[in-house]
Amino acid sequence: MQKIRPPFVFDENLNSSFLEELFEGDTKYAEAVFEDFLKDLPVYWERVETAYHNRNLPILGTSVHTCKTLFGYVGFTDLQELCQQFENKCSVNSPEELRVEYILLIQRKERAQHIIEKEYARLRLFNGDKD
Amino acid sequence: MKISCIIVEDIQIAADFLRKFCEKSDLVEVKGHFLNVMDALEYLDRERVDLLFLDVEMPGANGFELLDRLTYSPMIILTTSKTEYAFNAFQYHVNDYLKKPFTYKRFLEAIGKLQQQPAEISPAQQTPSSSQTDTEFLFIKADDKLIKVRKDDILFLESMRDYVKFVTPSKHYMTYSTLKNMEEKLIGQTFLKVHRSYIVNLSKIDDIRGNTIYILGNQIPIGKGHKEDLEARLNIL
Numbered sequence: 085m086q087k088i089r090p091p092f093v094f095d096e097n098l099n100s101s102f103l104e105e106l107f108e109g110d111t112k113y114a115e116a117v118f119e120d121f122l123k124d125l126p127v128y129w130e131r132v133e134t135a136y137h138n139r140n141l142p143i144l145g146t147s148v149h150t151c152k153t154l155f156g157y158v159g160f161t162d163l164q165e166l167c168q169q170f171e172n173k174c175s176v177n178s179p180e181e182l183r184v185e186y187i188l189l190i191q192r193k194e195r196a197q198h199i200i201e202k203e204y205a206r207l208r209l210f211n212g213d214k215d
Numbered sequence: 302m303k304i305s306c307i308i309v310e311d312i313q314i315a316a317d318f319l320r321k322f323c324e325k326s327d328l329v330e331v332k333g334h335f336l337n338v339m340d341a342l343e344y345l346d347r348e349r350v351d352l353l354f355l356d357v358e359m360p361g362a363n364g365f366e367l368l369d370r371l372t373y374s375p376m377i378i379l380t381t382s383k384t385e386y387a388f389n390a391f392q393y394h395v396n397d398y399l400k401k402p403f404t405y406k407r408f409l410e411a412i413g414k415l416q417q418q419p420a421e422i423s424p425a426q427q428t429p430s431s432s433q434t435d436t437e438f439l440f441i442k443a444d445d446k447l448i449k450v451r452k453d454d455i456l457f458l459e460s461m462r463d464y465v466k467f468v469t470p471s472k473h474y475m476t477y478s479t480l481k482n483m484e485e486k487l488i489g490q491t492f493l494k495v496h497r498s499y500i501v502n503l504s505k506i507d508d509i510r511g512n513t514i515y516i517l518g519n520q521i522p523i524g525k526g527h528k529e530d531l532e533a534r535l536n537i538l
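Order-wise, the sequence lines are chains A and B. Residue numbers are given in my numbering: position 110 of the first sequence equals residue 194, and the series is strictly consecutive. Residue numbers are given in my numbering: position 186 of the second sequence equals residue 487, and the series is strictly consecutive.
Derived from the structure by calculation, the hints contain no laboratory data. What you are looking at is a predicted structure, and each value in this text was computed from that prediction instead of being measured. C-beta: ideal position from N, C-alpha, C; glycine also. Take the hints with a grain of salt, since some may be wrong.
Claimed, not checked - If you anchor each label on the Cβ, the simulated ranges turn out as follows:
hint	chain 1	residue 1	chain 2	residue 2	range
1	A	VAL176	B	GLU324	40 to 46 Å
2	A	ASP110	B	GLU348	30 to 36 Å
3	A	VAL176	B	ASP453	34 to 40 Å
4	A	VAL93	B	GLU343	43 to 49 Å
5	A	GLU185	B	ARG370	34 to 40 Å
6	B	LEU371	A	GLU105	49 to 55 Å
7	B	LYS481	A	ASN138	25 to 31 Å
8	B	ASP346	A	PRO179	37 to 43 Å
9	A	ASN138	B	HIS394	36 to 42 Å
10	B	ALA533	A	GLU105	49 to 55 Å
11	B	GLU348	A	ASN172	35 to 41 Å
12	A	GLU105	B	MET461	33 to 39 Å
13	A	LEU122	B	ASP453	29 to 35 Å
Said to hold, decoys possible - Straight-line C-alpha distance at most 30 Å; calculated DSS-like pairs for lysine-lysine:
hint	chain 1	residue 1	chain 2	residue 2
14	A	LYS193	B	LYS452
15	A	LYS123	B	LYS481
16	A	LYS112	B	LYS321
Please put together the full structure from these sequences, using the hints given.
Below is the structure:
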């Protein structure tokens, strides 16, 4: 008799209802997307850091905009909102005025990355058991 | 017939989702994916597609700059994570606006919306290699598909409560819409409303006897309030 496995449940820090709707139970695809996120985020985030250190606010805004989209696709809808607020401020604030928000953004980004690393490992395990 | 499209998007994850949704729906065929406006424009100089999935913020030129430089008018679905572009979308007569990340359900709603705004591609907008000489057509949503129908093939439309029946010589199509909606899209060309429940293609009329129009064996009544309009349009002496 075939054992019925419980569905994969996403981490509570993620918008799990959204992710369930987005992936529709396709945990293999979720694994691929999380893998891409972990590969792409460092590349895009480097642009954020470079733009901030060069005090290039237009580029900083568009770089954060890109990362914001990535966060959305892995269920960090609250972090996506934080990025949107920061992006909006890039067009009106000075680099000095953005410093506190920038540090907060880095902290949230690192926490998000850590969570997705764990989720990716969990998804690999989950999908590996299915094969 | 599927809707042909290209994806103009610099974020690979977003483009991959869109491609996956297109394939899953079996309604849209992805002809290409471009990471920036210049590459997309270069493609569109050679090939024409029915629909563009267009990101706004990309490296180099943005999506609106691409729209400024287009030499024809495909359907456009903007994909962006900013709602501030809604006004620009309105100015560019964009068909729909998808806020990233969007689900498959939302994607289907956007594709379904395209049938509310029938695409018209005039002969001037053909691809250079196309052998079609008359390319005026529209998309009808029927049987969970978007079906491309040449306007010149349509004999008449009939209102059937919440649906409109499109009648061509070979097939009938039922779409969830109103005759009024179709009237707004078609009237003024070769189509005329002749009864509260019928719009006819004037070029397909075989003959008129009394208060009845005959089109390929079909009998269409002429409403009292519409007879004068019909006579004026047909230049009846």
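Verification of the supplied hints:
{"no.": "1", "hint": "VAL176/A with GLU324/B: 40 to 46 Å", "in the structure": "42 Å, holds"}
{"no.": "2", "hint": "ASP110/A with GLU348/B: 30 to 36 Å", "in the structure": "32 Å, holds"}
{"no.": "3", "hint": "VAL176/A with ASP453/B: 34 to 40 Å", "in the structure": "54 Å, violated"}
{"no.": "4", "hint": "VAL93/A with GLU343/B: 43 to 49 Å", "in the structure": "46 Å, holds"}
{"no.": "5", "hint": "GLU185/A with ARG370/B: 34 to 40 Å", "in the structure": "36 Å, holds"}
{"no.": "6", "hint": "LEU371/B with GLU105/A: 49 to 55 Å", "in the structure": "33 Å, violated"}
{"no.": "7", "hint": "LYS481/B with ASN138/A: 25 to 31 Å", "in the structure": "57 Å, violated"}
{"no.": "8", "hint": "ASP346/B with PRO179/A: 37 to 43 Å", "in the structure": "41 Å, holds"}
{"no.": "9", "hint": "ASN138/A with HIS394/B: 36 to 42 Å", "in the structure": "38 Å, holds"}
{"no.": "10", "hint": "ALA533/B with GLU105/A: 49 to 55 Å", "in the structure": "54 Å, holds"}
{"no.": "11", "hint": "GLU348/B with ASN172/A: 35 to 41 Å", "in the structure": "38 Å, holds"}
{"no.": "12", "hint": "GLU105/A with MET461/B: 33 to 39 Å", "in the structure": "34 Å, holds"}
{"no.": "13", "hint": "LEU122/A with ASP453/B: 29 to 35 Å", "in the structure": "54 Å, violated"}
{"no.": "14", "hint": "LYS193/A with LYS452/B", "in the structure": "53 Å, violated"}
{"no.": "15", "hint": "LYS123/A with LYS481/B", "in the structure": "52 Å, violated"}
{"no.": "16", "hint": "LYS112/A with LYS321/B", "in the structure": "13 Å, holds"}
Of the numbered hints stated above, those contradicted by the structure are hints 3, 6, 7, 13, 14 and 15, listed in ascending order.
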